[in-house]
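Chemist: Quick note, the sequences are listed as chains E, C, W, S, L and B, same order.
Under the working numbering, the residue at position 155 of the first sequence is numbered 157, and the numbers go up by one with no gaps.
Under the working numbering, the residue at position 232 of the second sequence is numbered 234, and the numbers go up by one with no gaps.
Under the working numbering, the residue at position 82 of the third sequence is numbered 84, and the numbers go up by one with no gaps.
Under the working numbering, the residue at position 140 of the fourth sequence is numbered 142, and the numbers go up by one with no gaps.
Under the working numbering, the residue at position 214 of the fifth sequence is numbered 216, and the numbers go up by one with no gaps.
Under the working numbering, the residue at position 120 of the sixth sequence is numbered 122, and the numbers go up by one with no gaps.
To be clear, the hints were calculated from the coordinates, so they are not data collected in a lab.
From a predicted model like this one, the values you see are computed outputs, not experimental measurements.
All residues carry an ideal CB built from backbone N, CA and C; glycine is no exception.
Among these hints, one or two may not hold up.
Okay, derived cross-link-like pairs now, PhoX-like style, lysine-lysine, Cα gap no bigger than 25 Å in a straight line [claimed, not checked]:
| # | chain 1 | residue 1 | chain 2 | residue 2 |
| --- | --- | --- | --- | --- |
| 1 | S | Lys-205 | L | Lys-148 |
| 2 | E | Lys-148 | B | Lys-205 |
| 3 | C | Lys-21 | C | Lys-199 |
| 4 | C | Lys-18 | C | Lys-199 |
| 5 | S | Lys-156 | S | Lys-242 |
| 6 | B | Lys-235 | E | Lys-205 |
| 7 | C | Lys-205 | W | Lys-205 |
| 8 | B | Lys-148 | B | Lys-199 |
| 9 | S | Lys-205 | L | Lys-156 |
| 10 | W | Lys-21 | C | Lys-205 |
| 11 | C | Lys-148 | C | Lys-199 |
| 12 | L | Lys-156 | L | Lys-18 |
| 13 | C | Lys-242 | W | Lys-242 |
| 14 | W | Lys-205 | W | Lys-146 |
| 15 | L | Lys-156 | L | Lys-146 |
| 16 | L | Lys-242 | S | Lys-156 |
| 17 | S | Lys-21 | L | Lys-148 |
| 18 | W | Lys-156 | C | Lys-205 |
| 19 | B | Lys-205 | E | Lys-242 |
| 20 | S | Lys-21 | S | Lys-146 |
| 21 | B | Lys-21 | B | Lys-146 |
| 22 | E | Lys-205 | E | Lys-146 |
| 23 | E | Lys-205 | B | Lys-205 |
| 24 | C | Lys-156 | W | Lys-148 |
| 25 | B | Lys-242 | E | Lys-205 |
| 26 | W | Lys-156 | C | Lys-21 |
| 27 | C | Lys-205 | W | Lys-148 |
| 28 | L | Lys-205 | S | Lys-205 |
| 29 | L | Lys-146 | S | Lys-205 |
| 30 | E | Lys-156 | B | Lys-21 |
| 31 | L | Lys-156 | L | Lys-242 |
| 32 | L | Lys-156 | S | Lys-146 |
| 33 | S | Lys-21 | S | Lys-205 |
| 34 | B | Lys-205 | B | Lys-146 |
| 35 | C | Lys-21 | C | Lys-205 |
Among the chain E residues that face chain C by a calculated CB cut under 7 Å, a handful are [to be verified]:
| # | residue |
| --- | --- |
| 36 | Gln-32 |
| 37 | Leu-76 |
| 38 | Ser-99 |
| 39 | His-189 |
| 40 | Asp-193 |
Number of protein chains: 6
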Amino acid sequence: MLLPVSTWPDIESWLKRSKTIVVPIGSMEQHGPNGFIGTDALCPEIIARHAESLAPDDMLVGPTFSVGCAQHHLGFPGTITLRPSTMIAAMADWTESLMRHGFERIYWLNGHGGNIATIEAAFSEIHARRSFDLRGADNRPGLKLKRRDWWDFKSVMTLCNQLYPVGHGSHATASEVSVTYYGYPDHTRTDVEMSPKIAPNGKISDAVQYRRDFPDGRIGSDPTQSSVEDGEKIVGAAAKAVLEEVRRFSA
Amino acid sequence: MLLPVSTWPDIESWLKRSKTIVVPIGSMEQHGPNGFIGTDALCPEIIARHAESLAPDDMLVGPTFSVGCAQHHLGFPGTITLRPSTMIAAMADWTESLMRHGFERIYWLNGHGGNIATIEAAFSEIHARRSFDLRGADNRPGLKLKRRDWWDFKSVMTLCNQLYPVGHGSHATASEVSVTYYGYPDHTRTDVEMSPKIAPNGKISDAVQYRRDFPDGRIGSDPTQSSVEDGEKIVGAAAKAVLEEVRRFSA
Amino acid sequence: MLLPVSTWPDIESWLKRSKTIVVPIGSMEQHGPNGFIGTDALCPEIIARHAESLAPDDMLVGPTFSVGCAQHHLGFPGTITLRPSTMIAAMADWTESLMRHGFERIYWLNGHGGNIATIEAAFSEIHARRSFDLRGADNRPGLKLKRRDWWDFKSVMTLCNQLYPVGHGSHATASEVSVTYYGYPDHTRTDVEMSPKIAPNGKISDAVQYRRDFPDGRIGSDPTQSSVEDGEKIVGAAAKAVLEEVRRFSA
Amino acid sequence: MLLPVSTWPDIESWLKRSKTIVVPIGSMEQHGPNGFIGTDALCPEIIARHAESLAPDDMLVGPTFSVGCAQHHLGFPGTITLRPSTMIAAMADWTESLMRHGFERIYWLNGHGGNIATIEAAFSEIHARRSFDLRGADNRPGLKLKRRDWWDFKSVMTLCNQLYPVGHGSHATASEVSVTYYGYPDHTRTDVEMSPKIAPNGKISDAVQYRRDFPDGRIGSDPTQSSVEDGEKIVGAAAKAVLEEVRRFSA
Amino acid sequence: MLLPVSTWPDIESWLKRSKTIVVPIGSMEQHGPNGFIGTDALCPEIIARHAESLAPDDMLVGPTFSVGCAQHHLGFPGTITLRPSTMIAAMADWTESLMRHGFERIYWLNGHGGNIATIEAAFSEIHARRSFDLRGADNRPGLKLKRRDWWDFKSVMTLCNQLYPVGHGSHATASEVSVTYYGYPDHTRTDVEMSPKIAPNGKISDAVQYRRDFPDGRIGSDPTQSSVEDGEKIVGAAAKAVLEEVRRFSA
Amino acid sequence: MLLPVSTWPDIESWLKRSKTIVVPIGSMEQHGPNGFIGTDALCPEIIARHAESLAPDDMLVGPTFSVGCAQHHLGFPGTITLRPSTMIAAMADWTESLMRHGFERIYWLNGHGGNIATIEAAFSEIHARRSFDLRGADNRPGLKLKRRDWWDFKSVMTLCNQLYPVGHGSHATASEVSVTYYGYPDHTRTDVEMSPKIAPNGKISDAVQYRRDFPDGRIGSDPTQSSVEDGEKIVGAAAKAVLEEVRRFSA
């Protein structure tokens, strides 16, 4: 079930058989010369929705938390970021809204490495509010918060390495661009040239340094290899893995 | 141009000819027995994207700010709300990110009456930060922030009244449900019965009172009248009006 | 009863027969060449106190929340504003203090159009805290928060239109200046010339634009028409309307 | 000059000859069986306005910051408090608004012992924002923030000790009740009996302990001695001292 | 018992016989030409640990809250400050953590005059959260928060006046430098010349004014008099006084 | 140089030759039956100070940020945590204080895995403030923020694996307990029995689950192996690695 296109009676029914919801969470930031700015939000959304299509009765997908922590990409036009303190507040509000309805297990399917720290910090903030409750609310039946980066499944990683033995990279990767091309085939960019073909590797700190050291936005990748066909394979593998994990998480 | 499926060089080019961006902003909240929880986010998104399709060179559409202020709907499962203070912080972060790239005119296309107060408060907060800048930043070339509720065009209102002379209503309206049905035709709900056929009217204050006084979530509406065909007409009218206004706003 | 000049045993007695309090809420901002900076705080204070004088046993008036949201007036010396996030926090603290004593109905008599958005946002914030309470506090017997703009009664509007068929305006209006002249007759300004006699109309966004487009601070008004006598009539009409509404609100 | 009943051109003129403003700051809290809940806001307001009446050209009095830190009085109905963090934010907003107009010296005339800590904390917060300015704004021409408790002048203290050699006390004092009686002679309470005649002394921590240990709200005082006549003397002495100090502060 | 070098079973045992903990709280700020930047954190830490060594079973010493409010010292390199709002949040978190374990009496042994206001504000904030609890948590068995400045015991003051009849001063005092020399004898500075020998007295407001008026950082003091021997005496007197007071506080 | 026992002229001199400071950062949380609650703060402090002793002219060590994010340990008495949002605010204040003096490279030597997320989030928050500066402050010469977990050097890891081929573990590890025993030899606990000898492994989420699944607080470790001698070796290896890295970081 997809929450944004469901009705409230649908969700009321869902809660009678499950306390779990999957929330895609991403970022709005540059992804090099041929990758979409929305890549990191679109990937988990595409994968979660594909997983849902495989087993609509086993998976409820919430709205996508589409703008995350991308300060280090602000050197490139189009990037939008939340300050981490804002993101923590927003994730807490989403969680408290869901808890009020009876949800107890929230599975955040993440599409952005730069979100990891703040997502984990948000989990601590949410749990701390319960611990600091003046009446001991953290002793109530539990709340489980889980983060999963969509690429961090063995099956997905193996597939990506097979598809892109060279130039997979760490930002604007060949695989993530493929996933979005699969999701938005009308927007693929097939004619973009990049130089060097494989972007340099290196460390990032903040917006100014990032743009200086990685002038076209890529890190270590050659996303000219990306294709709709590859995207389909990756989405299939990731959706399967997510579905299995969500089933275990809900049990 | 749609920012989430554009690249950063696309946005860099855009900024050479325009300082304007359109941001759909909505809510994730119950919309009665046959309306989607995402209605208020989906409507401005559908309309903005349709407007963009009419004149891609004249309009840049950002990501949808999809969860807004819906405390009063929390009595119905599936509703997600931000606290107003969180929403203000998030809108400020979006705006400051965009300002850093050179955007100066942000047009928020709103889909939710309950957002109006907090959107306006956010505008004041953003402007106040500039006024309180220790070096007088509010004297710099200007930032313009504008809110437009998608239904609040004469052409759109006239059309809705023609389509639904009775039972248009004020929440879970016949028109907004039609817009989403047009956007998501595979998810239409044609078999939902409602009693009474036209929901009661009345005032709302908070979540508990809302659910008590409006048990199926509708206010004053009969959305069984909604259809894909009506949605197409409304989207057409609204998109045209938005496009014209954005052109004036950018001038 | 006027809370600031009452004793705590007075309030303890009041709470045995009523859970209602009226709080005047305004702003400290320029009101053109002959209007007081405190106009928007003074008007609801004068009206509320007059209403109280008509029926001291039926109405408890709290202290005036005198500084509100006036960022857009900061171009004029003397204007003081809260950021909306601060105003939300302060209104929440007032409300939570009053709730602790047993108040359940708070009627905010507002004197400033620019406050409307933030007052409504504050209501959502306060209710959201209850909804997010880890033990379900929003299911307790209710809290009612109501905003009423003092000019927004039919009787008051009719009177103002009769008194000022031309040049009533929308900021530094003839009526609000009259109300304050009635309240502070020693401070009336009878010798101020304005040019043009009726100020221009138009839209406002932020402090810099406001001062540029409305150089003497007025919008659409000719407050040279204002007088103590008119003020008395308006205060009488508004106080009567407020008193009636507060009685209904308390019932 | 009194800012709330002045016009913006008045303040524009003032700023040509002075950068100073006096802001009365108080609290809304119980003051025993015959003292007003507004005592601590009314005292500095009455004194500041009296001082202004003595030399209108030398003193500009702003609006009264009337609700402060009174958590420890919340056990008594009618008390309203800000959390210290809210009060800091509000004082910062007032200050930044005034700084934008060119004010550089803000003299807070305080009426409440319980405000002292938070006022000083707010000063540090405001100065810290300047120190943390990324461009070194704290090196600009200065901002001076000063707090003065109205009773803390030698002349005032001597007078109070003469008037009330016994039972002056430390909360709901004979002197502060007299000041408010002078300001609001129609509201004096002459028939209130208290037992014991002089309230006990002791320490306070929080709301629950305060009400338990000081059941009628007074600490160490016998405010049945208070009178309009005494109030007049005290206001005279305090206003004179304030006026002199403000002149020095402005120099 | 010293919490940082204790185990959790140690604290579990402690809580069976006491609800009290002592928390040294200081600052990291310049202390003139021969005083340590950490002086105000080190003094209460040294004294608290010495007190604990006298009666390990009667006193539990927590970690030192070592960075406080020192905006006014930021003109001198090495000074680190929290904004007051941050310090309030941090002290609240420490307190809520300790309350969760069952601590009910927290004795903050303070080493910095500039912390006093914010510590007291933090106490109000913490108590206010309890008062504003939607279920009336402030009626539960109590929380006691106490601040004690280490020099503010009669025995300590008398000793300091005996040791330094001239040039004790009010910042970078001879006594506090001695206490730290006793604690860190290897770091004493015996060869520092100061001119004038006794620093001037005066008022402080913010960082820029402080450095201008007190160019070497001292106020009123001659800390060339400081010595390890004096420090030992002062620590002995202060530790004894603290231990006695903590015993009373715990009773 | 150790900042807390240095003078401000020392730091002024330091800044003439270096813009770097090392800040140990840890946590105050349970570390099993024989580990100190302060372990995670003490380890980086001991190591940083040892490194400084090897090359005092090459390394400036700031005060220890001793309380971090430990919500998940709150089930064990003595644990103190900051909420992540508070920790972000505090780290920002430390950084902005240091930046005001001219520091540009801050090396946070971390002792707690649970801090990693929030430290990285704080870095983003600090950089975002610069990016959002209305005058483009992020284009100024740079600020570098680096986190290093003390155990995360190849030399240190190799040594720990040699010393503890079995039962090194992941919380209350044999190595961290040894480091603190080396630092505080008088507080070693040699007689604590643990059952099972090697604690179970597993995942952690929040405070309640942690205590339930790991009843004595350890995860995967057998810290009865810890000793002063081992600690000395580990501190030596880690201090050497830190010193080398800090030299490179400063270059």
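Chemist: Confirm or reject each hint.
Modeler: Hints and how they fare:
1. S:Lys-205 - L:Lys-148: Holds. Lys-205 (chain S) to Lys-148 (chain L) sits at ~11 Å (cutoff 25 Å).
2. E:Lys-148 - B:Lys-205: This hinted pair holds, its Cα atoms lying about 11 Å apart.
3. C:Lys-21 - C:Lys-199: 47 Å, violated
4. C:Lys-18 - C:Lys-199: 53 Å, violated
5. S:Lys-156 - S:Lys-242: 12 Å, holds
6. B:Lys-235 - E:Lys-205: 31 Å, violated
7. C:Lys-205 - W:Lys-205: 30 Å, violated
8. B:Lys-148 - B:Lys-199: Violated: Lys-148 (chain B) and Lys-199 (chain B) sit about 37 Å apart, past 25 Å.
9. S:Lys-205 - L:Lys-156: OK: Lys-205 (chain S) and Lys-156 (chain L) at ~19 Å, within 25 Å.
10. W:Lys-21 - C:Lys-205: With a Cα-Cα distance of about 21 Å, the restraint between Lys-21 (chain W) and Lys-205 (chain C) holds, given a limit of 25 Å.
11. C:Lys-148 - C:Lys-199: 37 Å, violated
12. L:Lys-156 - L:Lys-18: Roughly 33 Å separates the two Cα atoms, so the pair is violated.
13. C:Lys-242 - W:Lys-242: Violated, at about 47 Å.
14. W:Lys-205 - W:Lys-146: Between Lys-205 (chain W) and Lys-146 (chain W) the Cα gap is close to 33 Å, so the pair fails against 25 Å, i.e. violated.
15. L:Lys-156 - L:Lys-146: OK: Lys-156 (chain L) and Lys-146 (chain L) at ~23 Å, within 25 Å.
16. L:Lys-242 - S:Lys-156: 37 Å, violated
17. S:Lys-21 - L:Lys-148: 40 Å, violated
18. W:Lys-156 - C:Lys-205: 19 Å, holds
19. B:Lys-205 - E:Lys-242: Given that 25 Å is the threshold and the Cα spacing comes to 23 Å, the pair holds.
20. S:Lys-21 - S:Lys-146: Satisfied, since the Cα-Cα distance of roughly 10 Å is no more than 25 Å.
21. B:Lys-21 - B:Lys-146: 10 Å, holds
22. E:Lys-205 - E:Lys-146: Roughly 33 Å between the alpha carbons, so the hint for Lys-205 (chain E) and Lys-146 (chain E) is violated.
23. E:Lys-205 - B:Lys-205: Given that 25 Å is the threshold and the Cα spacing comes to 30 Å, the pair is violated.
24. C:Lys-156 - W:Lys-148: Between Lys-156 (chain C) and Lys-148 (chain W) the Cα gap is close to 30 Å, so the pair fails against 25 Å, i.e. violated.
25. B:Lys-242 - E:Lys-205: Within the cut-off at roughly 23 Å; holds.
26. W:Lys-156 - C:Lys-21: 43 Å, violated
27. C:Lys-205 - W:Lys-148: The given pair, whose Cα atoms are some 11 Å apart, holds under the 25 Å limit.
28. L:Lys-205 - S:Lys-205: Between Lys-205 (chain L) and Lys-205 (chain S) the Cα gap is close to 30 Å, so the pair fails against 25 Å, i.e. violated.
29. L:Lys-146 - S:Lys-205: 12 Å, holds
30. E:Lys-156 - B:Lys-21: 43 Å, violated
31. L:Lys-156 - L:Lys-242: The given pair, whose Cα atoms are some 12 Å apart, holds under the 25 Å limit.
32. L:Lys-156 - S:Lys-146: Violated: Lys-156 (chain L) and Lys-146 (chain S) sit about 34 Å apart, past 25 Å.
33. S:Lys-21 - S:Lys-205: Violated. Lys-21 (chain S) to Lys-205 (chain S) sits at ~40 Å, over the 25 Å cutoff.
34. B:Lys-205 - B:Lys-146: 33 Å, violated
35. C:Lys-21 - C:Lys-205: Status violated; Cα separation ~40 Å.
36. Gln-32: Interface hint status for Gln-32 (chain E): holds (4 Å vs cutoff 7 Å).
37. Leu-76: 6 Å, holds
38. Ser-99: 4 Å, holds
39. His-189: 5 Å, holds
40. Asp-193: 12 Å, violated
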